[in-house]
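J.: Spelled out from the first residue to the last, the chains are:
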Amino acid sequence: MAEDMDSANTAGTRASGASYVEAKLGFRNYWYPALFRHELESGEAKGVRLLGENILLRKVGDRVAAVQDRCLHRGVRFSRKPECYTADTITCWYHGFTYSLLDGKLVDILTEPGSKMIGKMSIRTYPVAEAKGIVFVWVGDREPTRLEDDVPPGFLGEDLAVEGIRDEVKSNWRIGAENGFDTTHIYIHRDSPLIGGNHLMLPIGLVPATKQGIETHAERDPRGVFDSMAENYIPVFEASIRGEKVLESRGARGEKRVAASVSIWMPGVLKVDPFPDPALTQFEWYVPIDVDTHMYWRVLGKRVVSDLEAAIFRDEFHSLWKPLALHGFNDLDVWAREGMQEFYKDDEAWSQEHLNKPDACIVEWRKLASKHHRGLQPVK
Amino acid sequence: MAEDMDSANTAGTRASGASYVEAKLGFRNYWYPALFRHELESGEAKGVRLLGENILLRKVGDRVAAVQDRCLHRGVRFSRKPECYTADTITCWYHGFTYSLLDGKLVDILTEPGSKMIGKMSIRTYPVAEAKGIVFVWVGDREPTRLEDDVPPGFLGEDLAVEGIRDEVKSNWRIGAENGFDTTHIYIHRDSPLIGGNHLMLPIGLVPATKQGIETHAERDPRGVFDSMAENYIPVFEASIRGEKVLESRGARGEKRVAASVSIWMPGVLKVDPFPDPALTQFEWYVPIDVDTHMYWRVLGKRVVSDLEAAIFRDEFHSLWKPLALHGFNDLDVWAREGMQEFYKDDEAWSQEHLNKPDACIVEWRKLASKHHRGLQPVK
Amino acid sequence: MAEDMDSANTAGTRASGASYVEAKLGFRNYWYPALFRHELESGEAKGVRLLGENILLRKVGDRVAAVQDRCLHRGVRFSRKPECYTADTITCWYHGFTYSLLDGKLVDILTEPGSKMIGKMSIRTYPVAEAKGIVFVWVGDREPTRLEDDVPPGFLGEDLAVEGIRDEVKSNWRIGAENGFDTTHIYIHRDSPLIGGNHLMLPIGLVPATKQGIETHAERDPRGVFDSMAENYIPVFEASIRGEKVLESRGARGEKRVAASVSIWMPGVLKVDPFPDPALTQFEWYVPIDVDTHMYWRVLGKRVVSDLEAAIFRDEFHSLWKPLALHGFNDLDVWAREGMQEFYKDDEAWSQEHLNKPDACIVEWRKLASKHHRGLQPVK
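Residue numbers (this note's numbering), protein chains in the order written: chain P, 1 to 380; chain Y, 1 to 380; chain L, 1 to 380.
Calculated directly from the structure, the hints in this document are not laboratory data. It is possible that some hints are incorrect.
No distinction is drawn between identical chains; accordingly, a pair holds when it is met within one copy or between any pair of copies.
[As the list claims (entries may be wrong)] For lysine to aspartate or glutamate, the following EDC-like pairs were computed, each having C-alpha atoms within a straight-line distance of at most 16 Å: (1) K245 / D88; (2) K105 / E338; (3) K345 / E22; (4) K380 / E348; (5) K380 / E342; (6) K81 / E342; (7) K380 / D167; (8) K81 / D191; (9) K170 / E309; (10) K345 / E41.
Based on the provided sequences and hints, a complete structural model is requested.
T.: See below:
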């Protein structure tokens, strides 16, 4: 059926597939957001699962440490009942094996003082970076890159205040990423309360303009695909079937123009600029948990010039943007991804789908990810 | 252990197995009931799953149309949120791909008007037939047969009024069919409120008479196996263990004789005549949904001479026969099938079972189905 | 990483693994506790699952009979709806196939009196033994041994009164056995209400003394591993990390000394003597149900000299020891095993774990079980 389709796009997709199709658990040797810093403020250790690896995080002094969440002795997860008796150690609840959170060394066994194993074994440690209230963990074997290599341009800007939420979604991470970068999925949002609530101008669909303005940034990190929405597409405000008008955009008369550009960056993080308001930028991470679940990070950034402005934004985030935009708008994305998972859980889906012209950006993303990743996370 | 058994029957079963044992998802190129016509009256599109295929149905004018319930673009099911903007189309909730329900053609993409894909791609359509308030769908590749080739004799009789229900049962469809056609499973029904409630004469068991009267109709469609119950078996009204009486049929003194004949027809539909009353006939379909579930159709037919009589039967069906017979009697069949599934989910069960003489009818059914089917539905 | 470890123990573990690692469903040709005798007092038949086999038990006169819980005819489990019309038979709810519970013979078919199959077919029977209110079933093909060959020494002592409970635990049986025999898992019990409630002296951990006193009894049945706790280990009442005291045993000042010895016996039954009181002995069976579940038997024995003393112990068991010890103390063992299952469900765990010196007893148990078992239960 391929010959009936927009062949340029489709061929690209098919040809580029190899690595991307295998990347069920994502790509190694990247920084991934693990949790919000405030989740660790109590001092307790917390477990997360990234790319199929169980990882334990805890504040050690001012920094955050991350180690494998599995005792060497009998393989249990520390996070099932975290025991922290000193500032920089984690003790296993089962037999008291105690490890340094800083270098992973076995420093004591509470049930067998003086064991010959002490000091001779280590659990794996993970490099950690913090920015904007988010704790990032390096999942990989190589020397970590700079954090700025793995986040969207602008995210680390000094004047950017950041607030967000994270939720587990029952779909593969690639479904999350593609739904986010998908230009015409705005169709599902046409009745969103955000449109009227924030006076957004939002079309129902988009017709690609003759000359495509999708730019692939593959020369240096961060690597990504940039889609200048405002320039690349002709917005569609009315939908017709066989010439008969059947739908009209509620966002046709909105004054606020948003989503002038949408870009996606390795290892799977979106930037929509501006969104959901001309003064805001939305960032989204789709972090693999297991092959059929991902952690969905919805994060808003706002330029501020003072701590007071940052505090005001925090209030505004919780009272307005979180319910109206992150839930009111993006919850439907969660629903859409779960609907796609049924088809894409089968590897053959990638060769059975039929992409159309507006999917050209997704094709570029697949090509980039296939060609420029730093390593595949193996599936056990 | 085979040598200890009633060898005639058993040998038949074993020899005939090949196709039937493989028919986990049933047989292709047959008409199957999909839903009741009244389920579509609201005009909404509805999804069903037949033989592992997702199918969408909707009324288009006076007829019912059926198409594959999966968008070509990203593989989602339309029925997750059916959108119907015109009388004969289905629009995908994700990107507005819109297909004709009549020929399956992609007629528009709401988010990309003017797409080159429009008119060049199609989703699969399924032939539909309607009879007796039931919508039948042809699942197969060949040219459809006449509906009367795939339903029990008499079902399409002009004067037959039909009422029924359908329910999902957690067993393979073959377990459903065999439980229905099984002559001696009446044992489980011995305490049914239907017996006393309708004064039925119903034995506990049946001893096959010397000369078997099971007829196989394999020369022309519909093909089936016909068991003249009344003539083939000696009814058992008392049960004994080592000569000691342990049970007595509550149906021994009932005046109404039912189930004079039981027959089963390809692709898996039962006729019990008369039942559950001398004036009624029961039809049952066991339609594969997945390998471990089937749709159980319980349908009663009554000869009527006017619309008034049909209306009276409808009332009677809802107030009397549905609770007393379809639930009060047949719910136990559902329970029995779920109990068999544990054993038969393993393919080896078919060679480990030990059928007895009254199972001769089941053996004939297996032989017929193995030899005369129009195609196996492949299991993915 | 093996070279960093206490090599003596570890090497033993690894070398001994073969049979034990394969014994996911336990060992054949042993006596296993199936249920408490009082569970059968109503006269009803009950189903249990041992080593993956479904077994039906029922009292026949003074003894208990056990047969396979699956009808030969269509494979359903009798226990789904047990029908018992005579003192020594089970009748299948589906077609009335009736078997003798004593020899398994098909004695009648209620729905087909006079069937040629009667008397010619049999279901499997299982040897049964009773002791101390517990019904034991022989799972195997060989001639049964004496029950005393398969229970811990002393369990059958005439003056021992026995009370207990049984519960399904979501872990493999080997995890149960190893958790029970594990000397230093007492760490998880350090806050148990039993310690203060019964004035127990209980350390947090144990340092193996230079000369190990673990004895393997492999010459004759019962075969087991005996750990003279009181002599083999130096108790640890305070725990330190890098020399800094972080924990103190609540059981440091208790007057009652318990667990002088702990031993484990084929096919997987523990004896802790004395426990949870100087006057009591605890026995625990870990009986495979499926590969990922086991039946956990917690049983207490007390020497009594009269029926009155036995009755007093029964009261004491229900009012005191069951809540305080079996639940208050051992429920945490259930929790710990479920935490281990995640790791050990993967066969590679057995070569990825890192045992320490106090695990020497577990290593001996694995060696014994690998070398001296009577047969592996195959996994389907």
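J.: How would you classify K345 and E41 at a CA-CA limit of 16 Å: within, between, both, or neither?
T.: Neither: 37 Å inside a chain and 34 Å across chains, both beyond 16 Å.
J.: Should K345 paired with E22 be assigned to within, between, both, or neither, using CA atoms and 16 Å as the limit?
T.: Within one copy only: 12 Å inside, 25 Å across.
J.: Given a CA cutoff of 16 Å, do K380 and D167 count as a within-copy pair, a between-copy pair, both, or neither?
T.: neither (24 Å within a copy, 33 Å between copies)
J.: Regarding K380 and E348, is the shortest C-alpha distance of 16 Å or less found within a copy, between copies, in both, or in neither?
T.: Result: close only across copies, 12 Å inter versus 19 Å intra.
J.: At 16 Å max between alpha carbons, let me know whether K170 reaches E309 within a copy, between copies, both or neither.
T.: neither (36 Å within a copy, 53 Å between copies)
J.: Under a CA distance limit of 16 Å, which applies to K245 and D88: within one copy, between copies, both, or neither?
T.: Between copies, since 15 Å is at most 16 Å while 65 Å is not.
J.: With 16 Å as the alpha-carbon cut-off, assign the pair K380 and E342 to within, between, both or neither.
T.: For K380 and E342, the Cα distance is within 16 Å only across copies (15 Å; inside one copy 21 Å).
J.: From the Cα coordinates, with 16 Å as the cut-off, is the pair K105 and E338 best called within, between, both, or neither?
T.: Intra 41 Å, inter 26 Å, cutoff 16 Å: neither.
J.: Can you tell me if K81 and D191 fall within 16 Å by alpha carbon in one copy, between copies, both or neither?
T.: Between. Shortest inter-copy distance 14 Å satisfies the 16 Å Cα cut-off; intra-copy 44 Å does not.
J.: Indicate which option fits the pair K81, E342 if close means a Cα-Cα distance not exceeding 16 Å: within, between, both or neither.
T.: between (35 Å within a copy, 15 Å between copies)
Comparing the model with each earlier hint shows violations of hints 2, 7, 9 and 10; every other hint is respected.
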